[in-house]
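**Q** Residue-level listing of the chains:
2 protein chains.
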Amino acid sequence: MNFTAAYTDLYQLTMAQVYFATKPVGHAVFDYYFRNNPFKGGYAIFAGLEDVLNVLETLKFSSSDISYLEQHGFEKDFLEYLKDFQFKGTIYSSQEGDVVFPNRPILQVEANIIEAQIIETFLLNMLNFQTLIATKASRIRHSAKNEILLDMGLRRAHATGGYYASRAAAIGGFDSTSNVKAAEDYNISSSGTMAHSFIQSYEDELQAFRDFAQYRPKNCVLLVDTYNTLKSGLPNAITVAKEMESQGEKLLGVRLDSGDLAYLSKKTRKMLDDADLGYVKIVASNQLDEFVIKSLKEQGAPIDIFGVGTNLVTGKPDAALDGVYKLSEYNGEPRIKLSENIIKVSLPHKKQVYRMLDQNGMFYGADAIALFKEDKITEMTHAYDTSKSLTLNDFNQEPLLQKVMEKGKKTQPQRSVAEIAAYSKSRLEKLPEEYKRFQNPHIYKIGLSKELKQERDTLVAKHKF
Amino acid sequence: MNFTAAYTDLYQLTMAQVYFATKPVGHAVFDYYFRNNPFKGGYAIFAGLEDVLNVLETLKFSSSDISYLEQHGFEKDFLEYLKDFQFKGTIYSSQEGDVVFPNRPILQVEANIIEAQIIETFLLNMLNFQTLIATKASRIRHSAKNEILLDMGLRRAHATGGYYASRAAAIGGFDSTSNVKAAEDYNISSSGTMAHSFIQSYEDELQAFRDFAQYRPKNCVLLVDTYNTLKSGLPNAITVAKEMESQGEKLLGVRLDSGDLAYLSKKTRKMLDDADLGYVKIVASNQLDEFVIKSLKEQGAPIDIFGVGTNLVTGKPDAALDGVYKLSEYNGEPRIKLSENIIKVSLPHKKQVYRMLDQNGMFYGADAIALFKEDKITEMTHAYDTSKSLTLNDFNQEPLLQKVMEKGKKTQPQRSVAEIAAYSKSRLEKLPEEYKRFQNPHIYKIGLSKELKQERDTLVAKHKF
Chain A
464 MNFTAAYTDL YQLTMAQVYF ATKPVGHAVF DYYFRNNPFK GGYAIFAGLE
514 DVLNVLETLK FSSSDISYLE QHGFEKDFLE YLKDFQFKGT IYSSQEGDVV
564 FPNRPILQVE ANIIEAQIIE TFLLNMLNFQ TLIATKASRI RHSAKNEILL
614 DMGLRRAHAT GGYYASRAAA IGGFDSTSNV KAAEDYNISS SGTMAHSFIQ
664 SYEDELQAFR DFAQYRPKNC VLLVDTYNTL KSGLPNAITV AKEMESQGEK
714 LLGVRLDSGD LAYLSKKTRK MLDDADLGYV KIVASNQLDE FVIKSLKEQG
764 APIDIFGVGT NLVTGKPDAA LDGVYKLSEY NGEPRIKLSE NIIKVSLPHK
814 KQVYRMLDQN GMFYGADAIA LFKEDKITEM THAYDTSKSL TLNDFNQEPL
864 LQKVMEKGKK TQPQRSVAEI AAYSKSRLEK LPEEYKRFQN PHIYKIGLSK
914 ELKQERDTLV AKHKF
Chain B
464 MNFTAAYTDL YQLTMAQVYF ATKPVGHAVF DYYFRNNPFK GGYAIFAGLE
514 DVLNVLETLK FSSSDISYLE QHGFEKDFLE YLKDFQFKGT IYSSQEGDVV
564 FPNRPILQVE ANIIEAQIIE TFLLNMLNFQ TLIATKASRI RHSAKNEILL
614 DMGLRRAHAT GGYYASRAAA IGGFDSTSNV KAAEDYNISS SGTMAHSFIQ
664 SYEDELQAFR DFAQYRPKNC VLLVDTYNTL KSGLPNAITV AKEMESQGEK
714 LLGVRLDSGD LAYLSKKTRK MLDDADLGYV KIVASNQLDE FVIKSLKEQG
764 APIDIFGVGT NLVTGKPDAA LDGVYKLSEY NGEPRIKLSE NIIKVSLPHK
814 KQVYRMLDQN GMFYGADAIA LFKEDKITEM THAYDTSKSL TLNDFNQEPL
864 LQKVMEKGKK TQPQRSVAEI AAYSKSRLEK LPEEYKRFQN PHIYKIGLSK
914 ELKQERDTLV AKHKF
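Protein sequences, first through last, are from chains A and B. Residue numbering for the first sequence follows the working numbering, beginning at 464 and increasing consecutively. Residue numbering for the second sequence follows the working numbering, beginning at 464 and increasing consecutively.
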């Protein structure tokens, strides 16, 4: 499947048809934000932006899209318009890889409302998913500390979504991926070991290991659990490691893919060390996630490389980030969406978000949302609980939304996945530890400037029943 | 992203390099199967086959794939081989849309082992995901009975995986999708309503409804919860419905997207009926799944159309099907993969699977796995519990694995998604109700023929430590 502008929900086009018919088409501002941190965590890692911008620069309806829409009740003059469709809007956004929080704009689209609506579905689809996976990866990185992390989830990923999962995993802190296509296109480090089938294809395991070591001596990792880890796989791997030494080569590692990984990794380490193979690494896989890895580390399991699949690439258990796209301004006028649940009331106007930094440049733990036109803000108030407010004079305030696209063209140079990952790591280092713990993390404060809150309250009152 | 043969795990290529170096390359048989029904249910709906076969027919390495591999340590002669790579194997498979069960081959690949390994990742990636989603859709269909089901999950799907989710949802029983691209390419019915932003873009809701009804009178569904469902949205929708009547048009429906859907749908029905608008349908959405819909039906909520998003397209809460691909034969010799967990021991040899049908053509509740060369089988035994066996003489036996690809070419005509969905429905109708319930469904029996069991036991004994 190639991206065309038909990668959208039908109602975007239905609404667009009405906007087109009731011209002039107005100018809209939409906010992208999510409502809850994934995984009951204390933060999220924003990912997917570069992919979104690259697609938007060239997004068009194909001729078969146009014929399809013609057969499905759309008007001729509107279809003529769609033939020349191009996104020509402006986008302000947090930087990809930044640490972000719920209920504050992460990205803001300004465009004529037809363009802004047609891109909505794609934008949500890509940002919601990559942010989910980058956040999961970041949590797994937190548990794994400095050990190597390998993404090997493609076979359990949501079809071609796995391609973007590998990219997002790298942004969130994974070292490499088994996914060749993603590694090639995004310049991510690729790696892999061997499958059980390789060993099964031989009459005996030792010969399978020998052939593998002979023809792939570099980065050679032998899978030792096909028949019996401690009685067969590991002794055979040790034999081959010694043979490799006599050829001037070194076995990189052995891989455990089943059983009790804490127990087996300790036994394995001992057997390797007893054979003077202290340099041979232990790779472990099998339904790992941030909690299992944390537990393995706590048990002192001497695992050097963790291979993570399903739980990473599907973002289990959440499986989705609840990001939304809400109209906040139309033809210069503020707009609001009410809800019986006050937390779901949207924020009107084009806005800026400021992050509070302490004297050491660390994140204090508060982002303030203000009207875009406001200058330095001195106080922020909780969106719903007016008894909570924070004076902001003592902080350095970092404006988070930067112009990344103007008139449909990117305004910043392309950043590689490696650069985004490095930026993400540097940002996460500024976030205090208590926001990173898995159980009841500290809640990062989001507040509104006095002016924004007043505007919101006025609009709520206006629409109240 | 386009499919090229680099849509695979690196280790497939690493192993392939060794197979290539240690010629002759052997002939392999691999089984695709999963170990557990998704969603703790009693069955799964097999989906994704047609997409897999279509891709396999034309799968190649691109020139940039080859250069990438050249830079990553692969040998020149092997790369020459990859330049001409084509899948030329044979595939036997259950029909797409069939009702399938754990721990029996669903699909069998016969090919030289290099080809069989290179396609493994893609095959698992596509079949695992589409089977997961088709099964989820089928469960939602079970709850919704004869009401209309609309897939509207693209914005929360796993990036481009959403394209395949819409296809699989249609196979599992959904009537239409909001996903224009998928609808266009797979000839699925497309539908959609309107977004809150459309109403917000107007100064007042009534004018928004009027414009929408004027310019999109066919299939017009008005979203009534932007400001207040019962006090504003619904009265305005009723006004517009009456105006439409005077123009000779009919409002199709109103959509509820928040609040207590059971309460609001009853109130809505009453208000519509009191206004002589008995024909106006009620569409409901907001975090629906099979359990919520079941509960709404039990409460008598008069909802005509259910829009389902996140829970459908992400296959929550499972998010993945645990399908695997295991070597069962190599160069004519049986192969096995042992495990400390006996349930994870694979089955050797090329096999056939027979479904037991009763006198009425209904599924009796048993599939028997036999050696491919076996004729009619008279008894099946539980794979691990030898006290359990079943005499098969009284059943009509339906062989489930049919040849779908030979020498890399499809052997059956292309089936449309609509045909596959109709087939799936007809198969599910043959499955007794007790396998379809959500709580502790009846367990469908899977057994081995005497010959297969003997072969398996002999190999286990041979490799035992």
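Think of the hints as simulated: they come from the structure by calculation, not from any bench. Warning: the hint list may mix true and false statements.
Derived DSSO-like pairs (lysine-lysine); straight-line CA-CA distance at most 27 Å [what the hints assert, rightly or not]:
id : chain 1 : residue 1 : chain 2 : residue 2
1  : A       : K757      : B       : K779
2  : B       : K694      : A       : K807
3  : A       : K908      : A       : K807
4  : A       : K779      : B       : K730
5  : A       : K760      : A       : K608
6  : A       : K694      : B       : K681
7  : A       : K927      : B       : K730
Source: prediction; values computed, not measured.
**Q** Now tell me, hint by hint, if it's right for this structure.
**A** These are the hints, each one checked on the structure:
no.: 1; hint: A:K757 <-> B:K779; result: holds, 25 Å
no.: 2; hint: B:K694 <-> A:K807; result: holds, 19 Å
no.: 3; hint: A:K908 <-> A:K807; result: holds, 17 Å
no.: 4; hint: A:K779 <-> B:K730; result: violated, 37 Å
no.: 5; hint: A:K760 <-> A:K608; result: holds, 9 Å
no.: 6; hint: A:K694 <-> B:K681; result: violated, 71 Å
no.: 7; hint: A:K927 <-> B:K730; result: holds, 20 Å
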